[in-house]
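Engineer: Next come the chains, spelled out residue by residue.
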Amino acid sequence: MSTPAIVVDGLTKTFSGHGRHKVTALDNISLTVERGSCLAVVGESGSGKTTLARIIVGLETADSGTVMLNGNPVAERASRRELHRRAREIQMVFQDPQSSFNRRLRVSTAVDEVLRAHTSLDARERRDRCVELFELVGLESRQLDALPGELSGGQRQRVAIARALAADPSVIVLDESVAALDVTVQGQILKLLAELRAAKNLSYVFITHDLSVVQMVADQIVVMHRGAIVERGATAEVLGNPRHAYTQLLLACVPRPGWKPQRGLIRAFREKIAS
Amino acid sequence: MLEIRDLCMTIANERAELDILRNVSLSVAAGESVGLVGESGSGKSMTLRSILRIEPSNATVTGNITFAGTDVLSLEGEALRQMRSTDVSMIAQNPHAVLNPVLPIVNYLIEGMHDAQGMAKGAARLRAGELLEQVGIDGVDRVLSSYPHQLSGGMLQRVVIAGAIAGKPKLMLADEPTTALDVTTQAEVMAILDEFRRDLGMSMLYVTHDLDLAAAVCDRISVMKDGQIVETGVPEQLRDNPQHPYTQQLMDSRPAGIVPQETAPSERTPSQTAFSEPDANEGEPK
Numbered sequence: 001m002s003t004p005a006i007v008v009d010g011l012t013k014t015f016s017g018h019g020r021h022k023v024t025a026l027d028n029i030s031l032t033v034e035r036g037s038c039l040a041v042v043g044e045s046g047s048g049k050t051t052l053a054r055i056i057v058g059l060e061t062a063d064s065g066t067v068m069l070n071g072n073p074v075a076e077r078a079s080r081r082e083l084h085r086r087a088r089e090i091q092m093v094f095q096d097p098q099s100s101f102n103r104r105l106r107v108s109t110a111v112d113e114v115l116r117a118h119t120s121l122d123a124r125e126r127r128d129r130c131v132e133l134f135e136l137v138g139l140e141s142r143q144l145d146a147l148p149g150e151l152s153g154g155q156r157q158r159v160a161i162a163r164a165l166a167a168d169p170s171v172i173v174l175d176e177s178v179a180a181l182d183v184t185v186q187g188q189i190l191k192l193l194a195e196l197r198a199a200k201n202l203s204y205v206f207i208t209h210d211l212s213v214v215q216m217v218a219d220q221i222v223v224m225h226r227g228a229i230v231e232r233g234a235t236a237e238v239l240g241n242p243r244h245a246y247t248q249l250l251l252a253c254v255p256r257p258g259w260k261p262q263r264g265l266i267r268a269f270r271e272k273i274a275s
Numbered sequence: 001m002l003e004i005r006d007l008c009m010t011i012a013n014e015r016a017e018l019d020i021l022r023n024v025s026l027s028v029a030a031g032e033s034v035g036l037v038g039e040s041g042s043g044k045s046m047t048l049r050s051i052l053r054i055e056p057s058n059a060t061v062t063g064n065i066t067f068a069g070t071d072v073l074s075l076e077g078e079a080l081r082q083m084r085s086t087d088v089s090m091i092a093q094n095p096h097a098v099l100n101p102v103l104p105i106v107n108y109l110i111e112g113m114h115d116a117q118g119m120a121k122g123a124a125r126l127r128a129g130e131l132l133e134q135v136g137i138d139g140v141d142r143v144l145s146s147y148p149h150q151l152s153g154g155m156l157q158r159v160v161i162a163g164a165i166a167g168k169p170k171l172m173l174a175d176e177p178t179t180a181l182d183v184t185t186q187a188e189v190m191a192i193l194d195e196f197r198r199d200l201g202m203s204m205l206y207v208t209h210d211l212d213l214a215a216a217v218c219d220r221i222s223v224m225k226d227g228q229i230v231e232t233g234v235p236e237q238l239r240d241n242p243q244h245p246y247t248q249q250l251m252d253s254r255p256a257g258i259v260p261q262e263t264a265p266s267e268r269t270p271s272q273t274a275f276s277e278p279d280a281n282e283g284e285p286k
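Chains Y and V supply the protein sequences, listed in that same order. Note that the first sequence covers residues 1 to 275 in UniProt numbering. Note that the second sequence covers residues 1 to 286 in UniProt numbering.
Think of the hints as simulated: they come from the structure by calculation, not from any bench. Small disclaimer: the values here were computed from a predicted structure and weren't measured. All C-beta atoms in this analysis are idealised placements derived from N, C-alpha and C, irrespective of residue type, glycine included. Certain hints may be false.
To be verified - Label-pair restraints from in silico Cβ distances:
no.	chain 1	residue 1	chain 2	residue 2	range
1	Y	I273	V	D226	50 to 60 Å
2	V	T179	Y	G10	35 to 45 Å
3	V	E130	Y	T14	31 to 41 Å
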């Protein structure tokens, strides 16, 4: 078996809040993402899922524990060269396609910057590569020179994916990348992500609060609650036969045909989780 | 209760005139709950805002809106204020935009009761506490003296609901009230909203992008796209036999039945559910 794309071992992170108040964002988190697979990290706000994502890509450092990326440790204090090398292995796509671009720069410039940093292509070749990348994510070449504000949310998220792909990474961390999109657009982006993963043997860490999205993209799931992993397993297994009360609560709250919100049921689950 | 006929809205900017709403017609009967479902830019929020006459200042609105026999579009001054303060209440998506950040929660709740209904401040404060208890808030005194930034989004949205039902309005307008909330908080807030609407016999016009969520709390649903209502029907009819391709598209973009029916948590009562502990080897790498 090949080296896993990501191995996280015993990750712990505490933030200091007001005064002596401390918040444990991550409590001894361990997980593995096999090459070419998609792991969904599911949780609500405050579960620690975004902190986990940020530590995996090296935007944040853990208090203890290690992250191995393609068999190499993600070092706590990386040199410029190390950061540069890591950027070609792992990229991130954020939730808000509005705030992850400079709104005064053409979107092609955002992609071109990555190519300039990570390839030896000349200006003409980079332009050609931009066109290729735009085609790959389902955008038209006339949209290369658009400003971010001139594109729709779905189109901007496609540019964000193109930008991530420009570095030719093997791993992409997607932090709530479809959460801000309309449902019909969500479906299109999820389909694109699945196609790209198959075509390029990419590995994904898919951070989300939305269980209905999970089954469309992920092979494996970990469910996080207050900084800890409460349940993990194959997607169909976890969704079809949830064992932890918190996973059951999450599933019970997903609107679906015939569903009714029930206060008593939610309260009963919460009491069970707290005990 | 509420009758909208051929509502059109045009917004002119320096470059062009945009048709925001095109001949929108819908009705909400007394005690009925109607959902207005669409994606961003479909005009659902603008429809809602026209009812309270809080459309953008550069918008031109034509058509007819009748609320409890009154022509809303011709209302002015005190009559309009009266409708906004006692007959119709609104719950917006973002509670932070509703609550004054420099005043404690109690001020928000008693303001309406004191000013609009002439209740004495002491009595209004007691009533505010009762309302918060009814929407499932523990530690009412602490919450009443808190400022908005000290409370979670779910808690704030409950406060807004408490304020909205305080005056026992005839019509509740809800604009994506749970979109900013976690999925479990969303279910709780929707359950509370639905419960109060039924208990008080209020009518509701509920704007959301989530067809399944609307189906859970609405008697009828109108689907909106590009400023027009493309289809109206009872939830089961839209689900089983959608007439418009766009309704079908909305249905298809969500996976049908996320879990097999026999294991759906809603099918079991918590007492029957075997709550298993997390695996003993949780936290170990696989």
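Engineer: Against this structure, judge whether each hint is valid.
Structural biologist: These are the hints, each one checked on the structure:
A hinted range of 50 to 60 Å for the beta carbons of I273 (chain Y) and D226 (chain V) is inconsistent with their spacing of about 43 Å. Between T179 (chain V) and G10 (chain Y) the C-beta distance comes to about 36 Å, which sits within the given range of 35 to 45 Å. Evaluation of the 31 to 41 Å hint for E130 (chain V) and T14 (chain Y) yields a pass: the beta carbon distance comes to about 40 Å.
Hint 1 from the earlier list is the only one contradicted by this structure; the remaining hints agree with it.
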